Amino acid sequence: MKLEELISKPPSWLRGDVPLADKVIFSRVRIVRNLMDFPFPNQSTPENLKAVLMRLEVASRYVTPLHPYITVNFEDAPSEVRSILLERGVPISSSLLKETPLYGRAVFIREDERMVVMVNNEDHITIQATMPGLALKDALNLALSAV
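Using our numbering, you'd call the opening residue of the sequence shown number 14 and step up by one each time.
Quick caveat, the hints were computed from the structure, so don't treat them as lab data. No false leads were mixed into what you were given.
SDA-like cross-link-like pairs, simulated, lysine to any residue; straight-line CA separation at most 25 Å:
| id | residue 1 | residue 2 |
| --- | --- | --- |
| 1 | Lys63 | Ser106 |
| 2 | Lys15 | Val85 |
| 3 | Lys63 | Leu115 |
Now the in silico label distances, taken between C-beta atoms and shown as ranges:
| id | residue 1 | residue 2 | range |
| --- | --- | --- | --- |
| 4 | Lys150 | Thr58 | 36 to 42 Å |
| 5 | Ile44 | Pro81 | 17 to 23 Å |
| 6 | Lys150 | Asp35 | 17 to 23 Å |
If you're wondering where the values come from, they're calculated on a predicted model, not measured in any experiment. From the three backbone atoms N, C-alpha and C, an ideal C-beta is built for every residue, glycine too.
Please take these sequences and the hints and turn them into a complete structure.
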């Protein structure tokens with residue numbers, strides 16, 4: 014699946030056919046981690062950011078709950094794409110909407126958009142799980158399955 018296909022339809026977590034959908038639109042859980050051997054992203058060099066991204070690209074191949082997924086590398090993505098992803102709930106800091114170039118920053122998006130892994134945003138890794146309606150336990154379990 015390509016990014017254009019993904020953003021052409023509403024995210025699956027926005028479905029209204031779940032219990033309590035009239036009261037709760039969605040449930041979201043984020044798990045944030047940093048890697049011990051690298052400085053925080055806001056203090057890193059482009060080389061360090063690229064090394065973190067490369068390490069996580071390899072690791073993402075083994076995170077089964079994330080599959081199938083697409084990768085959006087922010088080094089190549091125009092600011093409009095970053096804005097669209099932010100509107101769709103991807104955890105992008107406002108500074109990344111303006112910054113260019115964005116070396117070593119990317120996002121892995123599961124095709125149903127229920128799981129997103131942001132790399133080198135404010136932290137090295139942000140795992141986000143989003144479920145329709147009131148489903149915090151399901152969102153937590155999904156996020157934890159990627160750890």
